[in-house]
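K.L.:
What follows is each chain in one-letter form.
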Amino acid sequence: MASSRVITHPLSRRQILKGGAALGLGSAAALGLRPSWANPWGQTNIYSKGIEVGPEVSLAIRRESIPIDGKEARPFSINGTSPGPMIRLKEGQDAVLRVTNLLDEPTSIHWHGLILPPGMDGVPGVSFPGIAPGETFTYRFPVHQNGTYWYHSHSGLQEQLGHAGPLIIDAAEREPFRYDREHVLLLTDWTFEDPMSVFRNLKTAEGYYNFQERTIADFFADVREKGLSATAEMRGMWAKMRMSSRDIADVTGSTYSYLLNGHSPEENWTALFQAGERVRLRVINGSAMSYFDLRIPGLKMTVVSADGQPVQPVPVDEFRIGVAETYDVLVTPEDDSAYTIFAEAMDRSGYARATLAPREGMAAEIPERRKIADRGMEAMGAHDMEGVEHAEMERGADGDREGMDHSTMQGMDHSNMQGMSGERSRMNANGMLAAGAAQPGSRYDQAGIGIDSGERRVLVYRDLKAFTPWPDRREPERELELHLTGNMERYMWSFDGKKFSEVTGPIRFNKNERLRLILVNDTMMEHPIHLHGMWMELENGQGELIPRKHTLNVKPGERVSALITADAEGSWAFHCHLLYHMDAGMFRVVKVA
Amino acid sequence: MKTRRLLSGTGTVLAILTFSTAYAEEGYDAPADWPSPMAEHNMAMALFDRLEYAVPDKGHEELVWDFQAWYGGDVNRVYLKSEGENVQGDGEDAEFESLELLYSRLIADFWELQGGIGYQGGVFSDDHAERTYGVIGLQGVMPYGIETDVALQVSDEGDVSASFEGEYDLRLTQRLYLQPRTEIAMAASEVEEFGVGEGLNSVRVGMRLGYEVSRRLAPYVGAYWEKRYGDTADLARASGDSSEDTAVVAGVRLMF
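For the protein sequence lines, the chains are Z and D, in the order given. If you use UniProt numbering, the first sequence corresponds to residues 1 to 593, in order. If you use UniProt numbering, the second sequence corresponds to residues 1 to 256, in order.
Only chain D is shown next, with the shape it has when bound in the complex:
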């Protein structure tokens, strides 16, 4: 299985992370057996930014996740990111739209440069076409507080694609927020198997209204509009999907 390749990558990334910082006792005569006065701590966190059920106007209902987790220090981190869905009633298992293992490095106050490997395909099943890819991306916060994730993918077949995600939290009250969200997908070449056409693939614009029960738990409702373009739209139509759709969603944002 191609997921095995992902696991072998883990070791490499962890090795990069563990070359630890030099102790700062040097130069002030502290005996070697004294502890460092300030210990650095590695941290870990996991976030389901979206875990939602979508009811589209034309397409199938689906369960969608958008997950990321990281482990590491202030500068170097390992990320595990995944987006995917389980289309309801199609008789197929869930599908990873992406499952990525990334090394991440802080390159500016608000920006992390990330690179690693990714997998697209079935979740422990052969229901979906599979491919692996290399990915390089930039995750961070743009001026005006827009959370951004841009990435460039090169598949094992040499197909190049790019994605942009941006979201913004508009605070209505201390716990109620409105979150506009945009996703844009592009590709340099057509990959029919994955429904990917050349050029601009799709644009999805959504809006979610969430309530933070706590910082870790925020249920939300929302809606999105999606349009596919060019060859991508043709491929969608050929497989019986529509090129433009709207949906309502309900879900939860979960942080661990």
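Only chain Z is shown next, with the shape it has when bound in the complex:
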């Protein structure tokens, strides 16, 4: 029984065959080999690419022909699928993960977000030498955490071609929320190009993939809307800086097919539910380069976990998920109808889509796509303004903020807001900002470019609040400030102006110190910054209840900070999780000693 807004159309035999072919299997074989999802009603754990249940798991890495979006493709496969299977571990287990390299090049798997011994982290050149062709490497580590994580290759650009998969750890004790059913939603960005040529295009021709640049038509539209002098002033500023305010994503839908669980929007992967069930969606952004804004029109989502760690429930209509982040949301569809899971790329050049439905073969309306936004003055925050008066900048920034809807702010706990202004003056004994206080220059109350919190309730970092304080309550003993830097024209990306090849040593953390890491984004791109081996407690102004994350999105011009307990002796990777930024040099080694 479908409601009026649901279009149902039975699958033709041809479509079924096409769907089967997309998995690289005949339809009969798909039914035979994929019981885990061919019978989706029979269990609560559904991930369409197969499940490997721990503690002992063997994974074989191959490069093989598997059609993607119905087209000929040669992705990396893990146990025959791309993206790889879901690995399911249980908190308290001793995991034994055997990875066999059946490629003709070295490979690796990094367990993203897991706290484990440094030799098991899977970063070639930092944790281990990598896995040579024909070799099997056995990862062994105790599992001390639970939640939604993922895994991916840390070798070269392999991650771009499907060398990734979800990693779910079931909790040893009851989680602070309940649900009847769960689905994993793994977002990826697939290209039929060779990743090395994508990199070369970025390096040799700025804006190669951007087909949403400003044109003179946009200029005249702005003149009509804002007047000639305001438009000319704004455009003049951007032109003077030799930058594009439409530089939202380096690699776009012009080459990417945005996939959800390996399926294109047209293939419409379907997650099933029964009306009235509470469904847990474990959303993972396993993309190489793409931020997504995810919503399910008609359903309120309750965010219950961020980067695998529980947070106090936040009801939202939409959330932005940076590359490598994970969010768990609960939805309770009451109607026996289909809902579209709509994950729009941040630059609006495309989207991933799936359907949440009570039966297979259903579909709901696909929302209208939004137009790309222009970056405003906030992106220039820390930038070299070259003669642009500072006063103008301030005015511009304020103007932009006024454009935001304040309903979000009202919806927030008001005591927090008061706390925020108080925090600025609150210093600890070391003369530093008190633990948990938001850095001046942070924009935790904003979701970021092109997302309108007036239109619907959008998750912002400030909403994230832990259930109970994380164990280490010490004030920071030391502050370490790192600038996120780059040269857009040359596609050089770095920390503190130095690419990885230009630094001579690691970033040093003192064993067991309580450290405040301050990240200042001097560029006009977002950067999802990932620290291996240790949590980063995001100082989003929630005081004792600051959330902890493995990947922090730092918006252009923003200054954010995180508290770190440097308890993981050894060498760890620290980098921007935009794959081509990392490869261009935005990578460091952190040594805890």
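Just so you know, the hints here were simulated from the structure itself, not pulled from any lab data. Computed from a predicted structure; not experimentally measured. Cβ atoms here follow ideal geometry from the backbone N, Cα and C, with glycine treated the same way. Any given hint could turn out to be false.
Not everything, but these chain D residues come out facing chain Z in the computed CB check (under 10 angstroms) [stated by the list, open to error]: (1) 31; (2) 33; (3) 39; (4) 47; (5) 51; (6) 75; (7) 79; (8) 142; (9) 155; (10) 176.
Here are a few chain D residues that face chain Z, going by a calculated C-beta distance under 10 angstroms [to be verified]: (11) 30; (12) 37; (13) 73; (14) 110; (15) 143; (16) 145; (17) 175; (18) 179.
Starting from the structure of chain Z, add chain D where the hints point.
P.N.:
Leaving out everything else, chain D in the frame of chain Z:
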């Protein structure tokens, strides 16, 4: 042949490029046989910014190229640049107005300092007068997005000249662009053999309308106006050319 001198220069420039960056494993206990976690890649690209057929109002029709290619990393690169033309119906082979091998170093976010050697003369023929020169230049993007190439040349005879090229892409649609372009040539002394007078030699202003079929291929049409000044104009007139001309062009921008 003087082009041989260019080739011997190649080795020197490549040697400068290959002193590779120190490995960053130092200081974090990675065994020596482990790979570097992030490998740097050298890149190469080639661009025919203009490959066009020009039909002037007064002068001869000609096939014109404006080419550059580079190989290297983010900071150090080797450039091969060439501009030249084959004048149609003059019975002569094509001529390199310039063929340059340059070492290039990034000195600011948008600017590369370039230096090397150049050759002017026939393309594998003796149809044209030849000379070699040393060149130092600055290539980059000026504020407001004007792509710029300024260079100073000193010939093997000690003659000094300078050139400026600037172009700008005005985006009409995502694929259609309008490209104004200016070239200015100057010289410190007269070199009659090459039609070069003292002072301001020539100014050429053009406009091209291109369509990007892809980022690598953009056919275009356009026009330019050119004026020669002073002694240069006199030399042109003496050899039967006019000192002022306009032309229409059709061509293609190609990137590899």
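K.L.:
Hint numbers the structure violates, sorted upward?
P.N.:
5, 7, 9 and 18
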